[in-house]
Amino acid sequence: MDIKKKLGIGVVTAALGLSLVGGGTFAYFNDTETMDNKFASGTLELDVLQVGNNPSTFELTNLKPGDLMRRSFTLDNSGSLAIKNVWLDLTADGYDGQEGVSMDDYLDQFKVKFYRSKKGEDGEFELTSHQIFKNFNATLKDLVNGKDLTNLVADTSLLDESGKRVDIAHGGLNADPKQQQRIEIEIEFVDNGDQNRFQNTTADVHFNLEATQDTGTRFDYNNPDANNANGKTK
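Each residue of the sequence shown is one higher than the last, beginning at -5 in the working numbering.
Careful: at least some of the hints might be erroneous.
Said to hold, decoys possible - Here are the simulated DSS-like pairs of lysine-lysine, each with C-alpha atoms no more than 30 Å apart in a straight line:
| no. | residue 1 | residue 2 |
| --- | --- | --- |
| 1 | K158 | K128 |
| 2 | K172 | K58 |
| 3 | K58 | K105 |
For the record, the hints were derived by calculation from the structure and aren't laboratory data.
Let's have the full structure, built from the sequences with the hints guiding it.
In structure tokens, the structure reads:
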């Protein structure tokens, strides 16, 4: 028993000795470099500005058939990315009218006209305005209900794929140099001679604007500067 025990220990010791030799260290030359990268997203921001001291929204009471109302506002790209489209759609609520008269009936009495004009190189808005809808063909009812606007707009390229939203910043808005676009709206309370049922009626109409970015850009060896053309539309 004792001999076997000693032999066993000897074998283990020899194996351990080999292990120590096999586990030795060695030295080599090396060098390291670090490549620093930065990924910073831009901002997409649309502001709606008043024109001078003039109101930009319709807060009107005591209206009567035959009234014509005009408002204007400025679309301003205050972000760092180009804006490709500014989509407009309308919603309405807060209706209060006589029994038997629906909100659709009331909104159908108001015809709408939209114009747009961009700032020129001289910093002034163009004198010639571009019509968005054909002459008073659209009503507030058409726009609120999301009707297909194909036959109402002056140019069908202004519409989104659904045909229910219109781009009021056609051609986009650059961020650098900053671009603005003026929008003018005329709303006429149609006088058709038989509208007593629309007396003392109110409705709240909301103009909803959605700005969208320009299409993505591929940055490779031939186009290494990932700065999105300094905020310009394509």
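Taking the hints in turn, this is what the structure says about them:
Distance check on the hinted pair: K158 and K128 sit about 15 Å apart at the alpha-carbon level, within 30 Å; holds. As the CA atoms of K172 and K58 are separated by approximately 41 Å, the hinted pair breaks the 30 Å bound. Among the hinted pairs, K58 with K105 is consistent with the structure: their alpha-carbon atoms are about 14 Å apart, no more than 30 Å.
The structure shown violates just one earlier hint, number 2.
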